[in-house]
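Based on the provided sequences and hints, a complete structural model is requested.
Respectively, the protein sequence lines represent chains F and L.
Counting in the numbering used here, the first sequence runs from 1 upward without gaps.
Counting in the numbering used here, the second sequence runs from 207 upward without gaps.
Warning: the hint list may mix true and false statements.
Incomplete in silico selection of chain F near chain L, CB under 10 Å [unchecked claim]:
#1 ASP15
#2 GLN38
#3 ASP39
#4 PHE46
#5 ASN48
#6 LEU53
#7 ILE74
#8 ILE91
#9 MET95
No wet-lab data here; the hints were simulated from the structure.
Where a beta carbon is used, it is the ideal one built from N, C-alpha and C, also for glycine.
Each chain is listed here by its residues.
Number of protein chains: 2
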Amino acid sequence: MNQQYPSALLEKAVDEFAKLPGIGRKTAMRLVLYLLRQDTQAVESFGNALIRLKHEVKYCKVCHNISDTDVCQICSNPSRDASTICVVENIRDVMAIENTQQYRGLYHVLGGVISPMDGIGPSDLQIESLVERVKAGTVSEVILALSSTMEGDTTNFYIFRKLAPYNVKLTIIARGISIGDELEYTDEVTLGRSIANRIVFTGTTI
Amino acid sequence: MNQQYPSALLEKAVDEFAKLPGIGRKTAMRLVLYLLRQDTQAVESFGNALIRLKHEVKYCKVCHNISDTDVCQICSNPSRDASTICVVENIRDVMAIENTQQYRGLYHVLGGVISPMDGIGPSDLQIESLVERVKAGTVSEVILALSSTMEGDTTNFYIFRKLAPYNVKLTIIARGISIGDELEYTDEVTLGRSIANRIVFTGTTI
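Given below as structure tokens:
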């Protein structure tokens with residue numbers, strides 16, 4: 001249906017919002033009318049925050065995480081363990097792992113996973129720079145923390161082959177039943193992996 | 207949980223998005239990372255569309271609909287029936303009614319409905335300006351097209367009393383079962399109204 005907008009400015013703003021993933025024209029309209037009800041300063045703050053982010057944001061030269069500086073807070077933190085690198089797909093994964101407070105090493109953000117269907121090959125990802133970091137010789141362990149999907153597995157295997165020539169321990173995060181999950185509702189593949197990858201129980205919670 | 211952001215600029219942009227209704231911090235993060243992947247021009251276009259809208263948008267002096275000009279396209283269109291005014295809550299309602307292509311009169315946008323719970327009284331709405339339009343004497347019918355809620359009904363009744371002194375026909379949009387709805391799934395109140403407000407059937411689809 002060809003929606004008639006009472007104002008070209010309104011239509012333009014709705015168009016822009018509707019380009020965002022998961023936001024349809026009805027939601028876009030609701031968001032624009034919400035912003036219209038806010039004061040001018042709030043709307044300027046919103047628009048300028050996005051423009052400034054795009055203009056001024058940097059990516060860490062070492063791990064490619066998003067950063068306000070050339071080298072990110074994590075890479076430049078002397079109290080982090082520089083001998084361990086955790087390989088993740090994107091910035092959100094870094095934040096998710098940081099939130100667990102279980103990891104004190106560094107990261108390497110690939111910027112995606114190998115996905116021929118989406119036209120993403122190894123050269124589109126930060127894999128060469130990972131190899132360079134390993135080549136430098138200060139890294140003793142690389143942890144693969146990609147999604148447990150076909151694309152994640154493909155990327156894991158590609159990195160495995162790329163790092164094989166170097167003297168580095170390559171580990172992969174555990175796959176098994178989620179904490180709090182009931183066994184009978186766990187899918188067969190996950191449950192099978194859980195049994196195959198069982199670990200020695202030492203009497204403490206794992 | 208106190209989420210750690212790798213960049214203050216990123217956090218600011220996420221904060222701004224998360225202020226929008228129905229958008230949580232996870233969605234906000236997803237939208238910001240999406241925008242970061244777009245080119246600079248697209249992000250500037252987005253930010254500036256919102257800022258320009260807020261700075262330049264006007265409200266029609268007659269009906270208070272959103273407009274690029276002092277008097278909106280509908281009010282200034284000589285082929286519309288200026289003797290009929292349809293009273294609606296907001297701009298989206300104008301667009302919804304325009305999309306039906308069933309109405310050729312003018313509008314009056316109240317800017318909300320009376321809602322003591324939200325601190326919205328009659329003086330916060332464009333009710334006085336509606337009375338002024340009716341007073342001018344060229345209007346023969348005012349159609350009340352507000353939501354079928356307690357607040358809508360309160361506002362309908364308030365307008366009814368305000369316009370009672372003037373020689374104008376006051377009508378209200380039909381309430382009944384929705385087109386395509388099955389009778390057994392219609393709520394009792396709606397069904398009761400549908401029966402009470404039955405109209406003479408002339409053999410054509412209504």
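Status of the hints after comparison with the structure:
no.: 1; hint: ASP15; in the structure: holds, 8 Å
no.: 2; hint: GLN38; in the structure: holds, 8 Å
no.: 3; hint: ASP39; in the structure: holds, 9 Å
no.: 4; hint: PHE46; in the structure: holds, 5 Å
no.: 5; hint: ASN48; in the structure: holds, 6 Å
no.: 6; hint: LEU53; in the structure: holds, 4 Å
no.: 7; hint: ILE74; in the structure: holds, 7 Å
no.: 8; hint: ILE91; in the structure: holds, 7 Å
no.: 9; hint: MET95; in the structure: holds, 7 Å
Of the numbered hints stated above, none is contradicted by the structure.
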